[in-house]
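Produce the complete structure using the sequences and hints provided.
Here's the letter readout for the chains.
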Amino acid sequence: MRLGFNFWLGAGLTTLVILAGILAPWIAPFDPVLDADLMNSELPPDSTFWFGTDGQGRDVYTRILYGAQISLTVGIVSQVINSIIGVTLGMTAGYWGGWWDDLVNGFTNVMLAIPPLIFALAVMAVLGPGLPSLLIALGLTNWSWTCRIARSSTLSLKSLGYVQAAQTLGYGDLRIMFTQILPNMMGPILVMATLGMGSAVLSEAALSFLGLGIQPPFPSWGSMLTDARQLIQLAPWVAIFPGLAIFLSVLGFNLLGDGLRDSLDPHMRTRTP
Amino acid sequence: MTDPLLEVDDLHVRFSVAGGGLLGTGRRMLHAVNGIGFSLAKGECLSIVGESGCGKSTTALSVLGLQEPTEGTIRYRGQPLTGQGAPGRMQRAKAVQMVFQDPYASLNPRQSVRTSLAAPLRLHGITAASEIADRIEVMLASVGLTPEQAKRYPHEFSGGQRQRIGIARALILEPEIVVLDEPVSALDVSIRAQIINLLLDLQEKLGLGYLMISHDLSVVEHMSDRVLVMFFGQVVEEGGWRDIFERPAHPYTRRLIAAIPDPDAALNPGTKDHFADAPLPAGRSFAFDGSTAPDIFSAPPPSELVEIAPGHRMRLVPVV
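Top line first, the protein sequences correspond to chains W and S. Residue numbering for the first sequence follows this note's numbering, starting at -10 and increasing by one per position. Residue numbering for the second sequence follows this note's numbering, starting at 29 and increasing by one per position.
I should point out that these hints are in silico values taken from the structure, not numbers from a laboratory. In this text the structure is predicted, and so the values were computed from the model without any measurement. Don't take each hint at face value.
In silico BS3-like links for lysine-lysine, alpha-carbon gap of 30 Å or less [stated by the list, open to error]:
id : chain 1 : residue 1 : chain 2 : residue 2
1  : S       : Lys233    : S       : Lys179
2  : W       : Lys147    : S       : Lys179
3  : S       : Lys70     : S       : Lys122
4  : W       : Lys147    : S       : Lys122
5  : S       : Lys233    : S       : Lys70
6  : S       : Lys233    : S       : Lys122
This is how it looks when you write it as structure tokens:
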């Protein structure tokens, strides 16, 4: 399997973020919440505080490592929820057609008409702030494109010979969907999911920035940006490093998605010796 | 002759299509198949020929169970395949299978040949790994592939090899009837003959009944025992292949035959387009007017198939 430079760059950035999140308790030099010391507030980056300190004297580097946990959880879990909802609705709608198709299409159109961030805000307002409601809100708002893609892929795959062959061989509908249709549309679905992870990380940052996501004093990249807002002229590193973390992880997810799409194309698979 | 494997009697298929009116007011019925009937015996190849849209594929889909007929019955060994008491997909799968036209779209690109062949066997209750492996090996050998090729993926094969895999998949459940939907028309001309000969060999060896859909008349001439000529969802002429190709009686059949490219036509002009007219029975005329397209949204005018020679029938209308 030949994988391009983009894939490896994306995989590298994503691995970096995953490792940062998992290893945070061991590699972080300080505690992200308790090691606040107003004597050290707004220190520029140096050998002790690699990314400087924030307004309460907490180490920005430590908080970014812990923030990676939140961003990853939000990115992955919300996209898993989105993909499951989107694929289930889209594939069954495309395969069975009829009133179910009309119903799913109508529902998808309604979801597409509502701006996702506004809908997520509404869900957060009902459920209250915090990580679980963040996951639910982002998991329920971003499945419409996945659903569209799953439905149209199913429609085009359904007319192909191998799906008809599976029907004549006696396969049931669900078996056909899972063995014949789903594997052949995994490429675009996975690409949508990884691209969606990027946008989920951004949405988490936006919701936390608005104060609806992760609650202070616990660190997430979005809430760190909120805190940095008043300090941006005095201590720009407090804003720059979380912003850089968001940028690099979203870039990583997107490059990974593109790379996966290329490598999942069966025509790129080489002959086994 | 033994009992027919497959009997199709008075098959009608109609589709409801949107006619452009507001709120579905313009719905009309499209008459795709209007009273087709035929039978297929063990070891026989029956071809259905006709232009695009004449209903030949719809007829085949009905036999396969992928299209529910509006009226009429399809029986396999005397048991109904449609309507009340119809078998499920599983039992039907052991009776009828299909070889598809496009070998590039008929194999799942994410399944190796072995998986494509083993999954249907497992689905039909054959679970012993050794038996599955044996049957796959035998099947691959009988379509001219080696056992080592089983672990490869479809994109590693040529069009002709893919069609061999498609044939192997159609035969792995040991059906008695195989529907051949334009089995060689997507293949390179140089390998068509190989696939045709393979199909004929397998037919002889396994006693298969072939129902072939084609508009390639040279293939039909080579493979068929009997031929049905379809036009506008009806059989306009049926007979043995000699009747159809050497003594075509219906004007539509003659047009089809005349459209076969003849390499000798330039050398001796004017020999091909004259067929001796069989005498028409009294009070009948051809139900065919080639000047206008038929109205596919209404049932065809009354007509009947009249036997003009043993086993050779043609559609005629009573003269008013």
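Self-check item: Straight-line alpha-carbon gap W:Lys147 to S:Lys179, limit 30 Å
Solution: Holds: W:Lys147 and S:Lys179 sit about 25 Å apart, inside 30 Å.
Quiz item: Taking 30 Å as the top limit, are the C-alpha atoms of S:Lys70 and S:Lys122 close enough?
Solution: holds (15 Å)
Exercise. Would you mind confirming whether the straight-line C-alpha gap from S:Lys233 to S:Lys122 stays at or under 30 Å?
Key: holds (18 Å)
Practice problem: Take a quick look at whether W:Lys147 and S:Lys122 sit within 30 Å of each other, Cα to Cα. | Solution: With a Cα-Cα distance of about 22 Å, the restraint between W:Lys147 and S:Lys122 holds, given a limit of 30 Å.
Self-check item: Agreement of S:Lys233 and S:Lys179 with the hint, judged by alpha carbon distance not exceeding 30 Å
Solution: Since the Cα atoms of S:Lys233 and S:Lys179 sit roughly 27 Å apart, the hinted pair holds (cutoff 30 Å).
Quiz item: Are the Cα atoms of S:Lys233 and S:Lys70 separated by 30 Å or less?
Solution: holds (12 Å)
The structure fails none of the hints (numbered hints given earlier).
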